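Residue numbers (the working numbering), protein chains in the order written: chain A, 1 to 118; chain B, 119 to 231.
The set of hints was computed from the structure by calculation and includes no laboratory data.
Since this is a predicted model, take the numbers as computed values, not measurements.
Just so you know, not all the hints are guaranteed correct.
[As the list claims (entries may be wrong)] Okay, derived cross-link-like pairs now, DSS-like style, lysine-lysine, Cα gap no bigger than 25 Å in a straight line:
no., chain 1, residue 1, chain 2, residue 2
1, B, 187, A, 57
2, A, 57, B, 174
3, B, 174, B, 187
4, B, 188, B, 218
5, B, 218, B, 174
6, B, 188, B, 174
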Amino acid sequence: GAGVSQSPSNKVTEKGKDVELRCDPISGHTALYWYRQSLGQGLEFLIYFQGNSAPDKSGLPSDRFSAERTGGSVSTLTIQRTQQEDSAVYLCASTSVGGMMQGNETQYFGPGTRLLVL
Amino acid sequence: SQQGEEDPQALSIQEGENATMNCSYKTSINNLQWYRQNSGRGLVHLILIRSNEREKHSGRLRVTLDTSKKSSSLLITASRAADTASYFCATKAGGTSYGKLTFGQGTILTVHP
């Protein structure tokens, strides 16, 4: 089946505007992650969804960032009142639950959304 | 500094040579994974090694893990120009019940034809 997809591929916005980034995980994957990658840097964990459990929001950098996952599938990451430092590539990954407890899971990444805040 | 730090930050070699990248981490882990990224886009999983494993092979890739030194290495043998990419190690902390990964800063590998 299809891999993880993200939209839009690129987003240019003006400082102060709100943006929404979308992630469609692999069908059947119940775990979904958002990461942020600033230029030339590694990935920074933002938020994690697992089934119907409360999400782990510990990585969200500020209250301007929020995310939701509807119906246990598609997820939307929203950044309100964007700032220039929000410019980065936002990556989504999904994985199946089955292997999670055995330490043999693989995260499947989408192509990312490149966000530029002017 | 971050869990999962790689060195070197950049590596430039000729096609056919071997490339070795190292990763160090600070806390106990459940597993360590290596990912590859082309052109700042999505990451592709290469190989996973569990904390009770010492070495693993996949094609031209060889990964070692030394939990006593909290370090891992990724060896790419007989490199090709197509191996040019950024390589990241990522650790899954021990004791966590889900797969949150902590990534290093990455090694930029350039293979010249």
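Hint by hint, here is what the structure shows:
no.: 1; hint: B:187 <-> A:57; result: violated (31 Å)
no.: 2; hint: A:57 <-> B:174; result: violated (34 Å)
no.: 3; hint: B:174 <-> B:187; result: holds (17 Å)
no.: 4; hint: B:188 <-> B:218; result: holds (18 Å)
no.: 5; hint: B:218 <-> B:174; result: holds (22 Å)
no.: 6; hint: B:188 <-> B:174; result: holds (16 Å)
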